[in-house]
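Asks: Go ahead and model the full structure; you've got the sequences and the hints to work with.
Order-wise, the sequence lines are chains A and B. Counted from 1, the first sequence has number 124 at position 124 by the UniProt record's numbering; the numbering is strictly sequential. Counted from 1, the second sequence has number 109 at position 109 by the UniProt record's numbering; the numbering is strictly sequential.
Everything labelled a hint here was simulated from the structure, so no lab data went into it. Incorrect hints may have been included.
Since copy identity is lost for identical chains, a pair holds within one copy or between any two.
[Claimed, not checked] Simulated crosslink set (DSS-like; lysine-lysine; CA at most 30 Å straight-line):
#1 Lys106 to Lys126
#2 Lys126 to Lys22
#3 Lys9 to Lys106
#4 Lys55 to Lys7
#5 Lys106 to Lys55
#6 Lys26 to Lys106
#7 Lys26 to Lys9
#8 Lys7 to Lys106
#9 Lys7 to Lys26
#10 Lys73 to Lys55
#11 Lys126 to Lys55
#12 Lys126 to Lys9
#13 Lys26 to Lys55
#14 Lys22 to Lys7
#15 Lys26 to Lys73
Spelled out, the chains give:
There are 2 protein chains.
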Amino acid sequence: MSGLREKQKADRRRRILEAARKLFAKAGPDATTIEAIADAAGVSGVTVHNYYGTKSGVLLALVAESDRELLEKMARELPGQSDDVIDLARRFAAIIRDHAITFLDKEIWRQVFAASIAEANSRFGKSYHSLDHQLALVLVREIEVLQARDAVSPDVSAYDLGKAIFSLQNMRFVNFISFDEMTDVESDAAFLRDLRSIFGALPPDRR
Amino acid sequence: MSGLREKQKADRRRRILEAARKLFAKAGPDATTIEAIADAAGVSGVTVHNYYGTKSGVLLALVAESDRELLEKMARELPGQSDDVIDLARRFAAIIRDHAITFLDKEIWRQVFAASIAEANSRFGKSYHSLDHQLALVLVREIEVLQARDAVSPDVSAYDLGKAIFSLQNMRFVNFISFDEMTDVESDAAFLRDLRSIFGALPPDRR
DNA sequence: GAAAAATTTTTTAGGCAATAAAAAATTTTT
DNA sequence: AAAAATTTTTTATTGCCTAAAAAATTTTTC
Chain A
1 MSGLREKQKA DRRRRILEAA RKLFAKAGPD ATTIEAIADA AGVSGVTVHN YYGTKSGVLL
61 ALVAESDREL LEKMARELPG QSDDVIDLAR RFAAIIRDHA ITFLDKEIWR QVFAASIAEA
121 NSRFGKSYHS LDHQLALVLV REIEVLQARD AVSPDVSAYD LGKAIFSLQN MRFVNFISFD
181 EMTDVESDAA FLRDLRSIFG ALPPDRR
Chain B
1 MSGLREKQKA DRRRRILEAA RKLFAKAGPD ATTIEAIADA AGVSGVTVHN YYGTKSGVLL
61 ALVAESDREL LEKMARELPG QSDDVIDLAR RFAAIIRDHA ITFLDKEIWR QVFAASIAEA
121 NSRFGKSYHS LDHQLALVLV REIEVLQARD AVSPDVSAYD LGKAIFSLQN MRFVNFISFD
181 EMTDVESDAA FLRDLRSIFG ALPPDRR
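Replies: What follows is the structure, given as structure tokens:
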């Protein structure tokens, strides 16, 4: 049996990602060639393709790493801060926006998001979605807390509600990164309108 | 002054789109080269690029055309069918899903959606978004009808609510096209869970 | 209505992503 | 240590996309 081969593979993966991180940060993904990443990582260009499929695949893998940080930050900063679901949702969205914009600029996020949809079925598309799911679960847990405090109806599924709010937040995020001139304050205000209108939609006798 | 030049341009645009439609339908966008489209349209490959930017741009322009049909269909089939906002939202989503899946398969829709985000600031990315907006407005108008019938609270903005529901629907649509095995029945059920949880979220004393 | 000017398309050339297949190198097994 | 299996590299090709020069065509001017 072995071990060396696996270790070398893990090593190459790490080196490729490390090289890509540096080069993307310096010149952006568009100006960075696969060949340059390969050179810096000490492998051939074809090997980069073998490991990550496409250049977007490399980018997605990089974002997946940063998302793990985001997940920790979320689990640290979200709980116990909100008294109602609207405030909770806004904090959730703000943490994601802040983290995203600190990490990469909007143009690159557009590419990331596009890749996550186009490559939804690839290995890294899936890991991206899985992290989204885990983020949503942090929200779900907080909703359960609010339910225990009677700030959210006990009749709804916290899981369903968390996923739905995550969806709304996600579309707002797409909207935010789609327009270079949109500020986080504007995005927050728009999200607030979403939440207010949707939570206040049904008249009391219809619920 | 002129006219001939403009007419020839419009003509080339039309011919390129017509050629692309046929070739995409026959072999799919991946297997269709820009050069093949250009040949069929009687122009050079560079001209296709000059007119539509990228192959995704051509695809987006084609989808924008079909979306105009969808808009008509929506304006024809949505109004006056629903007594409550959840039913309205589900019908809205069903019409979009049906139209989409009749027109193109999921793999291609993933490319379209990815392109609409990646090229959000291009000419055709914008026209795509504009049609989304018009679709949402059909929904807004129906919400206003429901408000007049006291099925939706008079306190919320019909516009904001329409946009928010559209967002939710849009994420469900992305989810639907992201997984080849997901049926429209499953997607509808998931959307229903979104709507029920979100509309029922707040306890009566919190509204 | 012909020459000049302006605009648009085509040709030409090149960079790069992505894929496939053969060749070479390296690890694992016997 | 040789054979087998696996993985990377080399090599070659296709196609998207861009830029710049050349050619063609329309519009304007006289």
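Asks: Which holds for Lys26 with Lys9 at a C-alpha limit of 30 Å: within a copy, between copies, both or neither?
Replies: within (26 Å within a copy, 41 Å between copies)
Asks: Pop the pair Lys73 and Lys55 into one bin, within, between, both or neither, using alpha-carbon distances up to 30 Å.
Replies: Classified as within: same-chain Cα gap 27 Å, cross-chain 39 Å, threshold 30 Å.
Asks: Between copies, within a copy, both or neither: which fits Lys55 and Lys7 at Cα up to 30 Å?
Replies: For Lys55 and Lys7, only the intra-copy Cα distance (23 Å) is at most 30 Å; the inter-copy one is 41 Å.
Asks: How would you classify Lys126 and Lys55 at a CA-CA limit of 30 Å: within, between, both, or neither?
Replies: both (16 Å within a copy, 26 Å between copies)
Asks: Regarding Lys22 and Lys7, is the shortest C-alpha distance of 30 Å or less found within a copy, between copies, in both, or in neither?
Replies: Within. Shortest intra-copy distance 23 Å satisfies the 30 Å Cα cut-off; inter-copy 50 Å does not.
Asks: Can you give me the call for Lys106 and Lys126, within, between, both or neither, at a CA distance of at most 30 Å?
Replies: Result: close both inside a copy and across copies, 22 Å intra and 17 Å inter.
Asks: As a check of your reading, is Lys26 near Lys55 (CA-CA no more than 30 Å) within one copy, between copies, both or neither?
Replies: Both. Shortest intra-copy (16 Å) and inter-copy (29 Å) distances satisfy the 30 Å Cα cut-off.
Asks: Please work out whether the CA atoms of Lys9 and Lys106 approach to 30 Å or closer within one copy, between two copies, in both situations, or in neither?
Replies: Intra 32 Å, inter 34 Å, cutoff 30 Å: neither.
Asks: Go through the copies and call it for Lys106 and Lys55: within, between, both or neither, with a Cα cutoff of 30 Å.
Replies: This pair counts as both: shortest intra-copy Cα distance 18 Å, inter-copy 23 Å.
Asks: Within, between, both or neither: how does the pair Lys7, Lys26 come out at a Cα-Cα threshold of 30 Å?
Replies: within (29 Å within a copy, 46 Å between copies)
Asks: How do Lys26 and Lys73 come out at 30 Å by Cα distance, when the copy is not named: within, between, both, or neither?
Replies: within (25 Å within a copy, 49 Å between copies)
Asks: When no copy is specified for Lys126 and Lys22, does a C-alpha distance of 30 Å or less occur within a copy, between copies, both, or neither?
Replies: Within one copy, since 24 Å is at most 30 Å while 33 Å is not.
Violation of the numbered hints given earlier is confined to hints 3 and 8; the remaining hints are satisfied by the structure.
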